[in-house]
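A.B. asks: Listed below are the residues making up each chain.
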Amino acid sequence: MSVNGNIVEDEAHRLYRALRRIRRVEEVIAEIYSSDKIKSPVHLAIGQEHVSVSVCDCLEDGDWVGGSYRSHAMYLAKGGSLPGLMAEMYGKDTGCCRGKGGSMHIIDVAAGVMGSSAVVGSQVPVAAGYALAAKRAGEGRVVAVFLGDGATEEGCFYETLNFAALHSLPVLFVCENNGYAIHEPLAKRRARPGGICAVAEALGVPATRVDDGDLFRIRDAATSFVTRMRQGGGPALIEAVVYRWREHVGPNEDYDGGYRPLSEALPWMEADPVARVGALLDADVRRKVNEEVEAEITEAVRFAEESPVPRPEELYANVFA
Amino acid sequence: MSSPEPRVLRYVDALREAVDQEMERDPSVFVFGLDVDDHKSIQGSTAGLLARYGADRVFTTPLSEDAMTGVAIGAAMAGLRPVHVHIRMDFLLLCMNQLVNIAAKAHYMWGGQVKVPLVVRSMIGKSWGQGAQHSQGLHGMFTHVPGLKVVAPSNAHDVKGCMIAAIRDDNPVVFMEHRLLYNTESAVPAHPYTVGPGESRVCTRGDDVTIVGISNMAQEAIRAAELLREVGVTAEVIDPIWLMPLDIDTILASARRTGRLLVIDNGWMAGGLSAEIVAAVAEAAGPSAGIKFARMGFAPTPCPTSPWLEDHFYPNPGSIAARAWAMVRPERERWVPSAESAKLAYQVQFKGPF
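If you read the sequences in order, they're chains Y and W.
Using this note's numbering, the first residue of the first sequence is number 1, and each one after it goes up by one.
Using this note's numbering, the first residue of the second sequence is number 1, and each one after it goes up by one.
Hint data in this document are derived by calculation from the structure and do not stem from the laboratory.
Computed from a predicted structure; not experimentally measured.
Glycine included, C-beta positions come from ideal geometry on N, C-alpha and C.
Treat the hints with caution; some may be incorrect.
Some, not all, of what chain W presents toward chain Y, calculated at C-beta under 8 angstroms [what the hints assert, rightly or not]:
| no. | residue |
| --- | --- |
| 1 | D66 |
| 2 | L80 |
| 3 | L344 |
Calculated Cβ distances over 10 angstroms to all of chain Y for the following chain W residues [as the list claims (entries may be wrong)]:
| no. | residue |
| --- | --- |
| 4 | Q43 |
| 5 | Y53 |
| 6 | D56 |
| 7 | G74 |
| 8 | G286 |
| 9 | G290 |
The following block holds chain W by itself, in its conformation from the complex (with noise of 0.2 angstroms):
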């Protein structure tokens, strides 16, 4: 008896699917924020809610992003589940007072009286000009709050299971999307499920190097390993999914084993994921482990618009799998993939605009 062929869907679909599914499970899931409800639907990842659960439970908003984290505290606070859509992470920083003060901290300065069941949706952009202000990756501003979770999945099938788990947890969840991940397709069960907190995912298994990739930067690391294997090295490549609370046992078990640690962040390098991995696998390998470290993210800079300099700002599989081969190979002479062959689908087929 054969099995049916797998489903495939694309990231937005998949994360439209969850909210769907989730909000006929559960009539105190909602979900708001400005465009929610309009015909292009947040890039499509909210269509056919309105329709489907009425004004009443899929609304816009004002241009008022602080009160309406305020309010989207409040809701879950007396028993609702908002799904609070931002069309840009960028303007999460609207939103800080209420995440970092109330959110986050309710539970707990309340004596654990109060509970904040509430999801913030929230997209990075990259190209197309996006630039300064609709590209930043901010997770490391938040996973360095306690009482916040932080998941950034690279693929449609987590995509579902995180969106589900977030929604059915108790806390403030801020859920990091990708733009340039949309329509990348995987396969997902057409059944709820959940990709909870602290799951992380081993994408491709290797014995020279480990890397970690956040956000997208797990399809680079991927592609970054395909492009080491034609040269003879393997990399086991590590999505941590969930950035707070992080699997740090995964990675460290992993880097113990290879003996080099690579890590990719979506976002910049200083106080950020990478330095707290690289910590974290340091602190609890000790010196004798002899592990090797290494980390890229964005360039210390603000992003800039031009294709021409954007290049130069984000790692992308050619300068992950050169400085893995470095790491890997620091007695031979250094090598890059070529330009073309470290494109990637999902930067090949998408034409813009956003």
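Next comes chain Y alone, as it looks inside the complex (with noise of 0.2 angstroms):
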């Protein structure tokens, strides 16, 4: 890893904190969600948590990120509530979207969190519509786009690419290749299932392919692209190979589905990222974020928990601006 000396510290105590807070906010999810008091379907991202995390980090305030349904390590990477989240996941009141989108649409304009969409793909040209307003606003702003190996098999993915390349839009393509859309291998959705990076290529769109789930190799491709792009350069794709811990939605372990088997998961679980980047760090300073990840999230579902209920005629709100 290329991290030394005091930045090491730093840098992995704040990387630590922000992975170990996203695993643990989705593992607590997935605890609460037998009582049946989430309100919404979850597709969450254990495991793959570290492209959110390791792209987001070098964003800054005033960048944009948008994602798929499942946006929650996104949506916390970049700062978006935890309570607001939380809330929503309860479908309260003060929910991220007023118990109006839930798990599948979460979005913190204060954050910078343009909004996640449960149509695969869909939000891959929004998020280059947000790239063309940073672009003629000539603040080298950039927007960073997460997407699933599957949203590479829609017309929107070629197009919007095609586009980003024509106008040099400052927007980077995060594909998240777990390997599965929902369960269909790769392998079964397309003829050359290693070629995502070879057809941004094709399209103009300069693309690095990081296979081993290392946090800080994605984070040096991120950080390169990004820097280019706040100085004019256009558009990039990172493809981070990852590997989905759980079932596509809901909060339990697949592997006897008979679609994978759990040996093909053990070698992601034994490189974790969350534990490879806490073990940088000493056990007291690892053991103290815990503790406060540890209260955060109490206090996020603490506040989820007594949040009020949306009133009947909240239905009617917000149809039209």
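Take the two lone chains and join them into the complex the hints point to.
C.D. replies: Now the structure itself:
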């Protein structure tokens, strides 16, 4: 890992906190899920949090991110409100969408989280629209949009990369390739399963593939691309190969489902980025971070549970602006 | 002191002027879509905008309607005001995912945190072999979806006011133009003005029957009313202008008074605006009002290209007048105006090609 000296401690501290916080938030969501208090299907990012953390680590206030239905990690990594997220899970009036979005549609405009969408690939062109506005504003702002490998099969993915390259838009496409679209492996969906970066390059979008789950390699790639974008450079794509530890949707593991074996997951679990970055910290420091994270989550759950439910008339609010 | 002669403009020039004036007023407005910057400039409706505002604000696109709609939505949420242009309404089917799943729902599902001030311009074709994929009036699909506004101005005055209102609106607006209306003229004030969401127009006053005409069918219904007047029937023609939100109150009040409501849609009848308008009036008025209803629209077929078939596909002033006559004078012999008298000026003048 490309870190050393004092920087290691500051960085590792910051990154570990972000990773641990997302991991624990989703584990807590999974624990609460069976109580039926959470009124929303959840697509957990457990095992692939490091992509959001590493990319958002090189973003600034004023930059935007958007993503898919699996966006808790992105939302939290970019600074979205944790109590707002948790209350949204509970369908409460204090949720980040006031109970109208749920887990799949999360947003925090103040934090630059421009929203997540449940239709695969649909936020990819929307992100390019934000990038068009960012380019027009000329203030060096950038947009990162998170998508799965399945989204790279949607027509709008190709259309958007072409347009973004044509107009040199400051948008970073972050493909979290977990190898499955719901339960279907890449090999059943693409003639060239390893060809995502080649497609991007052919459309004029420089692309880098990181296949070992190394947070720092992803961050180095993102930093390099984002720096170039802030100076007027065009779009880029990072393909981060990851592994989804839990089922496609829901709180459980599904290695008994027959579509993927546990043996496939074990190497990824052994190389868990949360543990790897945590190991860079002294045990006392790590414990303190863990305690702070738990306290924050406990408070967020309490906030969600004690928040009021939306009033019936809220159903009709905000159909039109 | 005599008032000056009103300025007369063509529909297409009024439309162009509206966009021009809004681009002048608000630098966040931009116009994009295939061919908006070429020498034909969408039948002249974007003429001069490139020279005046530059390629950052007037630009063409790849043939990628799905993603370009997403780009427009993102730009709108980020604070710009895009006008996305499609030379035929049929192409909006390529935009449906973004329009229905994102544009219509963004403000609601993201808890009111974002707005999508987007105008989607689209033009309906007719005649000269426009056929099955260049002639569709798909407004019923869009009015079905909460969160979208839909407008179909039928004259030069309204197209300018509606476009200015649409650009200033903080919601996605599906803006339906009609190719055959482009050369029609009416008095158009030079200053910017709005014909806002929910505004309708009573085009002719009458006591015997209320005729609602959607999009260019408003013009056809006005001609039908002229023919009816010659045989002693007075029709109140209403142009709803905005289909969502719809001014149902004006239609309801007129139908209550005349006792007869004939709705002419520039679209199919099944599950469409004519069904919606009749249902809304019937529900509000109740059976005691005794209102008689009838509807006309596209034949329940794809649009054919041969004029000998196409003539039977659309309602026209003759068939509208005949239908209204049958509603008003059911005891009398069937009456159909001559085909020649039923022709509209814009159809007589139009020589093609598109």
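A.B. asks: Any CB of chain Y closer than 8 angstroms to the CB of L344 of chain W?
C.D. replies: 35 angstroms, violated
A.B. asks: Would you say Q43 of chain W is clear of chain Y, with no C-beta pair closer than or equal to 10 angstroms?
C.D. replies: 25 angstroms, holds
A.B. asks: Does D66 of chain W pass the interface hint, meaning its C-beta sits closer than 8 angstroms to a C-beta of chain Y?
C.D. replies: At about 5 angstroms, which falls below the 8 angstroms cut-off, the nearest Cβ of chain Y leaves the hint on D66 of chain W intact, so it holds.
A.B. asks: Quick check for students: does the CB of D56 of chain W sit more than 10 angstroms from each CB in chain Y?
C.D. replies: 7 angstroms, violated
A.B. asks: Over 10 angstroms to the closest beta carbon of chain Y is the bar; see if G290 of chain W clears it.
C.D. replies: For G290 of chain W, whose nearest Cβ neighbour in chain Y is about 33 angstroms away, the distance exceeds 10 angstroms, so it holds.
A.B. asks: Determine whether the non-interface label on G286 of chain W survives the test: each CB of chain Y must be over 10 angstroms from its CB.
C.D. replies: Its Cβ never comes within 10 angstroms of chain Y, the nearest being 25 angstroms, so this holds.
A.B. asks: Non-interface claim for G74 of chain W: all C-beta distances to chain Y beyond 10 angstroms?
C.D. replies: 2 angstroms, violated
A.B. asks: So Y53 of chain W supposedly isn't at the interface. Is its beta-carbon more than 10 angstroms from every beta-carbon in chain Y?
C.D. replies: 13 angstroms, holds
A.B. asks: Given a cut of 8 angstroms on the nearest C-beta pair, is the interface hint for L80 of chain W held or broken against chain Y?
C.D. replies: This interface hint holds because 5 angstroms falls under the 8 angstroms limit.
In this structure, the earlier hints numbered 3, 6 and 7 are contradicted, and the remaining ones agree with it.
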